[in-house]
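**Student:** Chains as they are written, first to last, in the numbering used here: chain A, 8 to 84; chain B, 3 to 250.
Quick caveat, the hints were computed from the structure, so don't treat them as lab data.
Bear in mind that the values here come from a model prediction, so they are computed numbers and not experimental data.
Cβ coordinates follow ideal geometry from the N, Cα and C atoms, glycine included.
Errors might be hidden in some of the hints.
[Claimed, not checked] To list a few chain B residues with every Cβ distance to chain A over 12 Å, as calculated:
#	residue
1	A159
2	S177
3	P211
4	L247
[Said to hold, decoys possible] No more than 30 Å apart at the CA atoms, straight line, and that leaves these computed lysine-lysine pairs for DSS-like:
#	chain 1	residue 1	chain 2	residue 2
5	A	K82	B	K118
6	B	K223	B	K32
7	B	K133	A	K68
8	B	K133	A	K21
9	A	K80	B	K133
10	A	K13	A	K80
11	B	K223	A	K80
12	B	K129	A	K82
13	A	K82	A	K15
14	B	K169	B	K223
15	B	K173	B	K118
16	B	K85	A	K15
17	A	K68	B	K173
18	B	K70	B	K129
Residues per chain, in single letters:
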Amino acid sequence: MDIEAKVKQIVMDKLGVEEAQIVPEANFIEDLRADSLDTVELVMAFEDEFGLTIPDEDQDKLRTVGQAIDYLKGKLG
Amino acid sequence: MYDFLDKVVLITGAARGIGFAIAESFAKAKATVLILDLNQEAIDTAVNRLIDLGGKAAGYMANVTNSKGIEELFARIIQEHGKIDALINNAGVTRDNLMLRMKEEEWDLVLNINLKGAFICSQKVFKHMMKARSGSIINIASVIGIMGNAGQANYAASKGGLIALTKSCAKEFASRNIRVNAVAPGFIETEMTATLSDEIRAEYAKVIPLNQMGSPLDVAKLCMFLASDESTYITGQTIAVDGGLTMH
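Okay, chain A solo, but in the shape it has when bound:
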C-alpha cells in the first residue's frame, strides 16, 4: 500500500469518516471534525505506521490530508 492509501486508511479509522470525504484539501479539524486530541492521535498513528517521529513543531504543518501526505512523502522519500 502506498503512503496515500495508508494515510487515508488511518484517517478513516481514527476519525470515522467516509473515504469520499478524504480529499487532499480536507482540513482535519474544520472539515473532518477532528478535535485537538484526534489530531494528536492521528500524528501518533502516522508515527506508528511509518516508523518515524514527528516533532511537535512539525505537527502544525499537518492540517489537511494533502499536507499530511506531502509531509510523510518528504520524510520517507
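Use these hints to put chain B onto chain A, whose structure you have.
**Tutor:** Relative to chain A, chain B alone:
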C-alpha cells in the same frame, strides 16, 4: 466481590504501605498486579507475597520522576502484558517542616515525586489507554490536600495539585472513555502512623466523626470500585476515605 481477571493494574510506590495494601486487594481479586517502586529488594518481597497469596504479580524498579524511563517502561509493560487497564498513582513522600524552616529541596522533592510523578505516569499511560479507548486512572491524594496542615505545606500543595490534575485529566481524557478520579485518605493506620502514641491517636480519633483511624484496606476497597466497571459513570471526583473528617 470484584473480579479483575485478565485486567492489568499498575500501582506506583506499591512495595509498602497503602500502595501494597491496594496491590494485595487487586491480587486477591485476580488482577495482574504490576508494582513500581524504587527499591528492588522491597519490590521482590512485595511481589513474592502477592504470588504466595495465589496472585499474579510483577515488579519494576522505576523512578516516577524520570519521564524517559517511565515511557520506556510502559512500552515494555505493554509488550509483556498487552495493556494497562488501571493506573494508580500512589507513590508519595513527606518531608514535613514549618514554612519558615522548609528548605527548597524539601519542597522540590515532595512536589516532584507526589505531583510531577503522577503527571508523568498519567501522560505516558494515556497514550496506551487512548488507543484502547478505555482505562481508569486513580490518584492517591490526601485529606491534607483538601484541608491543609501546619508543617506540611509542601505535601498539602502536592496533594491539592493532584486533585486539580485529576479534574483536568478527567476532562481531557473523557472523550476517550478514560476515567480519572482521586482518592483522599484521612488518618490511616500504616507503618508511618504506627509509631504514634496512644495519646496522639486518641486526639486524632476525637476529630473523626466515625471516631477511629482507617485501615489501608478501606482505601484499597475504594480503588477497586473506581478501577472496576461498577463506577463507569464516575470521573473527575475526589472521594475521601476519612471517617467523615472532611465532609462538606
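**Student:** Confirm or reject each hint.
**Tutor:** The hints, checked one at a time:
1. A159: holds (29 Å)
2. S177: violated (6 Å)
3. P211: holds (41 Å)
4. L247: holds (37 Å)
5. A:K82 x B:K118: Violated. K82 (chain A) to K118 (chain B) sits at ~34 Å, over the 30 Å cutoff.
6. B:K223 x B:K32: Distance ~14 Å between K223 (chain B) and K32 (chain B) Cα, so the pair holds.
7. B:K133 x A:K68: holds (23 Å)
8. B:K133 x A:K21: Answer holds: K133 (chain B) to K21 (chain A) is near 10 Å, not above 30 Å.
9. A:K80 x B:K133: holds (25 Å)
10. A:K13 x A:K80: holds (12 Å)
11. B:K223 x A:K80: Cα-Cα ~52 Å, so violated.
12. B:K129 x A:K82: holds (23 Å)
13. A:K82 x A:K15: holds (17 Å)
14. B:K169 x B:K223: Cα-Cα ~21 Å, so holds.
15. B:K173 x B:K118: Roughly 19 Å separates the two Cα atoms, so the pair holds.
16. B:K85 x A:K15: Within the cut-off at roughly 27 Å; holds.
17. A:K68 x B:K173: holds (27 Å)
18. B:K70 x B:K129: Holds, at roughly 14 Å.
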